[in-house]
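Go by the hints and put chain Y onto chain Z.
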Amino acid sequence: MSSFTRSAQQWATFARSWFVIDARMQPPGKIASMCSVRLQGKHKPIYHALSDCGDHVVVINTKHIAFSGNKWEQKVYSSHTGYPGGFKQVTAAQLHQKDPKAIVKLAVYGMLPRNLHRRTMMQRLHIFADDELPEDIRANLTEELAQPRKIPRKLSEYTQEEIDAFPRLWTPPEDYKME
Amino acid sequence: MAARSVLKSVCTSLAGLKLGATGSNVSALQRINVPQLSALTIQSRGIRQVVEKQEGKTTTIEGKSLEVPAGPQPPNPTAKCPIYRWNLQHKYNYTDVLLLSQFIRSDGGMLPRKVTGLCAEEHRKIAVCVQMAHRAGLLPDHRPKLPEGHVPKKAKPQLNRYLTRWSVTSVKPIYKKGLKWCKKQLAVGHPALKDNVRYSVKPLYIKH
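One line per chain: the protein sequences are Z and Y, in this order.
Going by the UniProt record's numbering, 49 is the number at position 49 of the first sequence; the sequence numbering is gapless.
Going by the UniProt record's numbering, 97 is the number at position 97 of the second sequence; the sequence numbering is gapless.
Treat each hint with caution, since some may be false.
Unchecked claim - Cut-off 20 angstroms, straight-line C-alpha distance, at most; resulting in silico cross-link-like pairs (SDA-like, lysine to any residue):
{"#": "1", "chain 1": "Z", "residue 1": "Lys150", "chain 2": "Y", "residue 2": "Leu98"}
{"#": "2", "chain 1": "Z", "residue 1": "Lys75", "chain 2": "Y", "residue 2": "Lys176"}
{"#": "3", "chain 1": "Y", "residue 1": "Lys64", "chain 2": "Z", "residue 2": "Pro173"}
{"#": "4", "chain 1": "Y", "residue 1": "Lys184", "chain 2": "Z", "residue 2": "Gly29"}
{"#": "5", "chain 1": "Z", "residue 1": "Lys177", "chain 2": "Y", "residue 2": "Gly108"}
{"#": "6", "chain 1": "Z", "residue 1": "Lys88", "chain 2": "Y", "residue 2": "Gly178"}
{"#": "7", "chain 1": "Z", "residue 1": "Lys30", "chain 2": "Y", "residue 2": "Lys202"}
{"#": "8", "chain 1": "Z", "residue 1": "Lys154", "chain 2": "Y", "residue 2": "Lys80"}
{"#": "9", "chain 1": "Y", "residue 1": "Lys91", "chain 2": "Z", "residue 2": "Met1"}
{"#": "10", "chain 1": "Z", "residue 1": "Lys154", "chain 2": "Y", "residue 2": "Lys202"}
{"#": "11", "chain 1": "Y", "residue 1": "Lys153", "chain 2": "Z", "residue 2": "Gln94"}
{"#": "12", "chain 1": "Y", "residue 1": "Lys177", "chain 2": "Z", "residue 2": "Phe87"}
{"#": "13", "chain 1": "Z", "residue 1": "Lys75", "chain 2": "Y", "residue 2": "Leu186"}
{"#": "14", "chain 1": "Y", "residue 1": "Lys177", "chain 2": "Z", "residue 2": "Val76"}
{"#": "15", "chain 1": "Y", "residue 1": "Lys80", "chain 2": "Y", "residue 2": "His90"}
{"#": "16", "chain 1": "Z", "residue 1": "Lys154", "chain 2": "Y", "residue 2": "Leu186"}
{"#": "17", "chain 1": "Y", "residue 1": "Lys176", "chain 2": "Z", "residue 2": "Ala93"}
In short, the hints are calculated from the structure, not lab data.
Pulled out of the complex, with its shape left as it was, chain Z reads as follows:
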């Protein structure tokens, strides 16, 4: 901003901010792409790969993540321990039950550039399975990011006036037994 002093402008440009994202009812892939953009610093006009301009990102409520389609049952996470017969394949549902943070962590890891900066960027990512944040992280937060997916309303969340305002599309015949 032109009204800032030079030192204040310098600080505002190069300071490392802390973002928070709520992953409740959100697809983990979209959350991960938002995280990776901010961890690399690609949302800043001063971005350069070598200038270490990435920010911190805190993801909360990862245990309430929502996959589209049948990915909970179909998506498989594979790993190998290095020992013979050590090829492990786990479905997303099983992995989520074992560790609710793992899906988001693996998604972000796969979206970051494959260089030595990736590990430092992962250290700046903080994932929490539920709402509770430690005090020092809560004190650092600067901005909350909007959720990528609009959560649809359940039928029980509509008021009776809204339900009545919606027109009846068809009338049942006189003697049809409606339960």
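Okay, now just chain Y, sitting in the frame of chain Z:
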């Protein structure tokens, strides 16, 4: 159907005459309020208002179906299918619960096409949307009634999902995804809804 309704009106009028005969002996003030003929009224879609009429010595107790106030008129009244009557052809999705709830029973199942008057494709599309809405948890009150004293064996993990095409228990994990040219894609949404109106430039992705 017409015969049944005629019989019903005859039934109610006969019952009215019988009660009328006994009622005329007793003065109006002393007449006991007879409980409305629950055994004789056949179940119907609306609760019928019981109306008593006294003409001289005969009392007629009649069940009149409530006059539902006529709602807004559909923009295309000549079409046969209700979706086409309201011009909602390619405009609804699994999130439009207010629309979908009009075509389902209280336990979540679809109503027959002969009753709702939907055409075949729209009935199928609505069925698909209702399935997806159930799996997304958007219809929490339309659950099948469990028999009394039914204890679920173990608590299933509550996983949030949306746009699920296949049934949750029937799907198998994809252990071998395949190479780029022959990848086994994950199915999202349903191809029946591929013609829905899109206001953004991005196409609808069914294979993820």
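For the pair we were handed, Z:Lys75 and Y:Lys176, check the Cα-Cα distance against 20 angstroms.
holds, 10 angstroms
Quick one, are Z:Lys154 and Y:Lys202 close enough, alpha carbons at most 20 angstroms?
violated, 26 angstroms
Take a quick look at whether Y:Lys176 and Z:Ala93 sit within 20 angstroms of each other, Cα to Cα.
Within the cut-off at roughly 17 angstroms; holds.
Going straight from one Cα to the other, do Y:Lys80 and Y:His90 come out at no more than 20 angstroms?
Holds, at roughly 16 angstroms.
For Z:Lys30 and Y:Lys202, compute the direct alpha-carbon distance and say whether it is at most 20 angstroms.
OK: Z:Lys30 and Y:Lys202 at ~15 angstroms, within 20 angstroms.
Between Z:Lys150 and Y:Leu98, does the CA-CA distance stay at or below 20 angstroms?
holds, 17 angstroms
For the pair supplied as a hint, Z:Lys88 and Y:Gly178, is the alpha-carbon distance within the 20 angstroms limit?
holds, 17 angstroms
Given pair status - Z:Pro173, Y:Lys64, alpha carbons within 20 angstroms
holds, 16 angstroms
Would the pair Z:Lys177 and Y:Gly108 pass a check requiring their Cα atoms to be no farther apart than 20 angstroms?
holds, 16 angstroms
20 angstroms Cα cutoff - pair Y:Lys153, Z:Gln94:
holds, 19 angstroms
Would you check the hint for Y:Lys177 and Z:Val76, treating anything up to 20 angstroms between C-alpha atoms as holding?
holds, 9 angstroms
Are the Cα positions of Z:Lys154 and Y:Lys80 separated by 20 angstroms at most?
violated, 30 angstroms
Hint violations for this structure: numbers 8, 9, 10 and 16, all remaining hints satisfied.
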